[in-house]
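*Asks:* The chain contents come next:
Number of protein chains: 2
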Amino acid sequence: MAEAKRKQADYHHGRLAETLMALAVKRIAREGAPAFTLRELAAEAGVTHAATYRHFASREALLAAIAAAGYRELREREEAAQRVAGDDPWARLLVLPETYLAFMADAPGTFHVMLGHRWADDDTYAEARAARAESYALLEATAVECQNAGVLPEGDPARLIAAMLGVTHGLASLWLSGQLGVVAGGAEMNGLVRETVRASFEAFRASDGILWGSA
Amino acid sequence: MAEAKRKQADYHHGRLAETLMALAVKRIAREGAPAFTLRELAAEAGVTHAATYRHFASREALLAAIAAAGYRELREREEAAQRVAGDDPWARLLVLPETYLAFMADAPGTFHVMLGHRWADDDTYAEARAARAESYALLEATAVECQNAGVLPEGDPARLIAAMLGVTHGLASLWLSGQLGVVAGGAEMNGLVRETVRASFEAFRASDGILWGSA
DNA sequence: GACTCATGTTACCATTGGTTACATTCTCTC
DNA sequence: GAGAGAATGTAACCAATGGTAACATGAGTC
Numbered sequence: 002m003a004e005a006k007r008k009q010a011d012y013h014h015g016r017l018a019e020t021l022m023a024l025a026v027k028r029i030a031r032e033g034a035p036a037f038t039l040r041e042l043a044a045e046a047g048v049t050h051a052a053t054y055r056h057f058a059s060r061e062a063l064l065a066a067i068a069a070a071g072y073r074e075l076r077e078r079e080e081a082a083q084r085v086a087g088d089d090p091w092a093r094l095l096v097l098p099e100t101y102l103a104f105m106a107d108a109p110g111t112f113h114v115m116l117g118h119r120w121a122d123d124d125t126y127a128e129a130r131a132a133r134a135e136s137y138a139l140l141e142a143t144a145v146e147c148q149n150a151g152v153l154p155e156g157d158p159a160r161l162i163a164a165m166l167g168v169t170h171g172l173a174s175l176w177l178s179g180q181l182g183v184v185a186g187g188a189e190m191n192g193l194v195r196e197t198v199r200a201s202f203e204a205f206r207a208s209d210g211i212l213w214g215s216a
Numbered sequence: 002m003a004e005a006k007r008k009q010a011d012y013h014h015g016r017l018a019e020t021l022m023a024l025a026v027k028r029i030a031r032e033g034a035p036a037f038t039l040r041e042l043a044a045e046a047g048v049t050h051a052a053t054y055r056h057f058a059s060r061e062a063l064l065a066a067i068a069a070a071g072y073r074e075l076r077e078r079e080e081a082a083q084r085v086a087g088d089d090p091w092a093r094l095l096v097l098p099e100t101y102l103a104f105m106a107d108a109p110g111t112f113h114v115m116l117g118h119r120w121a122d123d124d125t126y127a128e129a130r131a132a133r134a135e136s137y138a139l140l141e142a143t144a145v146e147c148q149n150a151g152v153l154p155e156g157d158p159a160r161l162i163a164a165m166l167g168v169t170h171g172l173a174s175l176w177l178s179g180q181l182g183v184v185a186g187g188a189e190m191n192g193l194v195r196e197t198v199r200a201s202f203e204a205f206r207a208s209d210g211i212l213w214g215s216a
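Protein sequence lines correspond, in order, to chains W and R.
All residue numbers for the first sequence refer to the numbering used here, where the first residue is 2 and numbers rise by one.
All residue numbers for the second sequence refer to the numbering used here, where the first residue is 2 and numbers rise by one.
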C-alpha cells in the first residue's frame, strides 16, 4: 500500500506485472473462471491494454505466470508446514492436503488458474508445469518417507499416491466449482472438505493392502 | 452415415444441431479445451456461422447442451450398469465409478465440457446442472441402499459420498488434463485410474468408522 | 399454387487479443 | 548534470470472433 502510493500518478506504473496478476486473480475469484479481458484489466490498473504486453507475452502468459507463482507459493507453504510438523512422517504427509486446502480457501482465484484444464503444450506453461511437478513430487517423497518409517506398507505406492492426489484435487475442484452444495446443503463446505480429505487419508492408511494389490 | 448423406448438398443441413455438437466434442477431445471457434465449427459443418444461432442461443449454449446430453447419457449408462449388476448393493455402488470412468474414456471431449469449471449462473446451464444433480443423486441413493443392506455403516453418509465423488472426479480430472503421467510414467493410465478408484472405494468401506466420525 | 414456418445466407457491428511506431521516463555512465 | 539507451507506456491499427438483423430459400399444409 505505502509503496504503491509512491509513484501513483506517474507515467510509469512501477509494479504493473504484480498489479495485473493480482487484479486478474481477484476477478477470477469473483467470476469463477478466467473470463477476464486484458483491456478491462489494464484499464483497472490505469494503463492501456498494450502496456500489458511489456510484461506478459500474451493473455495466456499472464495466466501461466499466475499458475506458476501459485504452485511456487503452495510448495513454500507445504515445506513450511512440514517444518512445523516435525519428524513424524505421517504428520508430515497429512499436512500436505491440509496446506493445499488452506491455500485454496485463501486464494480461490489463483487456484482456479492452477487447476485450469489442459494447459497449452508450448513453452508458455513450462514454468508452471515444473512448479506443479515439484509440488507433486513432495507428496510422493513424503509417502516414501512413510514407507521407510514403517507407517505405510512397502511396495509400489503409485496407487496410493494417485488416490491421495485424487481425493484432494477432486474435492478441491468440486468445492471450487460450487458442486458440493448438491451433496450436503452448502453449510460449512470448507469443513466438510477438510474432514473428508483427512478421513480419506486415514482410510487409505488403515486399509492395509487394498491400495497395494497387484497392478 | 447413411442418413447423413441423404441431403448432403441441400440448402438445409438436416441435422445441424447434432452435427455441431459432435464436431465440437471431437475438437475438444483433440485440443483438450473448449477452445473451438463457432465459425470454424460451422465451416466444418458446411454452413455459415450465423446458421448455428438457429440451433443454439450462443456458443455457451452449445457447450451447455453438450454437457447436459453428456450427463443424461452418463445417467443412462449408470442405470443400465446397475441393472446388469443385479441386487447386491455394493456391486451396484461400485459400478457407478466404473461407468463414469468408462464413459470418460469413450468420450473425453464430452467430459471436458462436463467437468468444465464453474458454469455461468444463468439459465444457460440450468438443464446441464439438473442432469448432473441427478447423476450425483444416484450415487447418494445407492450409498443409502448399502447402508440399509448393512454393507455400509449407519450414520450421515455425507463424508463418504464426498470422498467417493472426490476420488472419482479427481482422478478423472487429473487423467483428462494429462497430469497423471507425473505420478506414474504414463503407461496404461486408464488402468491405474480404474484400479485406484475401485481400491479407494474398498478402502472407504473397509475403514469402518473413519469416514463417519463426528462432523 | 399460395401461405407459412423453419432454416440458412449476407452484411454488419462492437469487442478482443495482438502488433507496430512513436513518446516518455528512468537509470547509468561519463 | 548531461546525454545515451533501456524500460515502459500510448496511440493507431489489424484480423478474427461472437452476436444480430434483414433477406433468401426450402419443405410442408391447406
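Keep in mind that the hints were calculated from the coordinates and are not lab data.
From a predicted model like this one, the values you see are computed outputs, not experimental measurements.
Where hints are given, some of them may not hold.
Since the list gives no way to pick out one identical chain from another, each pair is judged satisfied if it fits inside one copy or across any two copies.
To be verified - With a straight-line cut-off of 20 Å between C-alpha atoms, the simulated SDA-like cross-links for lysine to any residue are:
hint	residue 1	residue 2
1	Lys27	Asp124
2	Lys27	Ala92
3	Lys27	Ala82
4	Lys27	Ala121
5	Lys27	Ala144
6	Lys27	Asp122
7	Lys27	Ala142
8	Lys27	Leu116
9	Lys27	Glu41
10	Lys27	Ala127
11	Lys27	Trp213
12	Lys27	Ala46
13	Lys27	Glu203
14	Lys27	Ala207
15	Lys27	Arg195
16	Lys27	Gln148
17	Lys27	Glu141
18	Lys27	Asp89
19	Lys27	Glu146
*Asks:* The structure should be examined with respect to each hint, and the outcome stated for every one.
*Replies:* Evaluated hints:
| no. | hint | in the structure |
| --- | --- | --- |
| 1 | Lys27 / Asp124 | neither (25 Å within a copy, 25 Å between copies) |
| 2 | Lys27 / Ala92 | neither (33 Å within a copy, 45 Å between copies) |
| 3 | Lys27 / Ala82 | neither (26 Å within a copy, 43 Å between copies) |
| 4 | Lys27 / Ala121 | between (23 Å within a copy, 17 Å between copies) |
| 5 | Lys27 / Ala144 | neither (34 Å within a copy, 38 Å between copies) |
| 6 | Lys27 / Asp122 | between (26 Å within a copy, 18 Å between copies) |
| 7 | Lys27 / Ala142 | neither (33 Å within a copy, 38 Å between copies) |
| 8 | Lys27 / Leu116 | within (16 Å within a copy, 23 Å between copies) |
| 9 | Lys27 / Glu41 | within (13 Å within a copy, 33 Å between copies) |
| 10 | Lys27 / Ala127 | neither (24 Å within a copy, 26 Å between copies) |
| 11 | Lys27 / Trp213 | neither (42 Å within a copy, 36 Å between copies) |
| 12 | Lys27 / Ala46 | within (12 Å within a copy, 39 Å between copies) |
| 13 | Lys27 / Glu203 | neither (35 Å within a copy, 40 Å between copies) |
| 14 | Lys27 / Ala207 | neither (40 Å within a copy, 42 Å between copies) |
| 15 | Lys27 / Arg195 | neither (24 Å within a copy, 37 Å between copies) |
| 16 | Lys27 / Gln148 | neither (41 Å within a copy, 43 Å between copies) |
| 17 | Lys27 / Glu141 | neither (32 Å within a copy, 35 Å between copies) |
| 18 | Lys27 / Asp89 | neither (37 Å within a copy, 49 Å between copies) |
| 19 | Lys27 / Glu146 | neither (38 Å within a copy, 43 Å between copies) |
Of the numbered hints given earlier, the model fails hints 1, 2, 3, 5, 7, 10, 11, 13, 14, 15, 16, 17, 18 and 19; all others are met.
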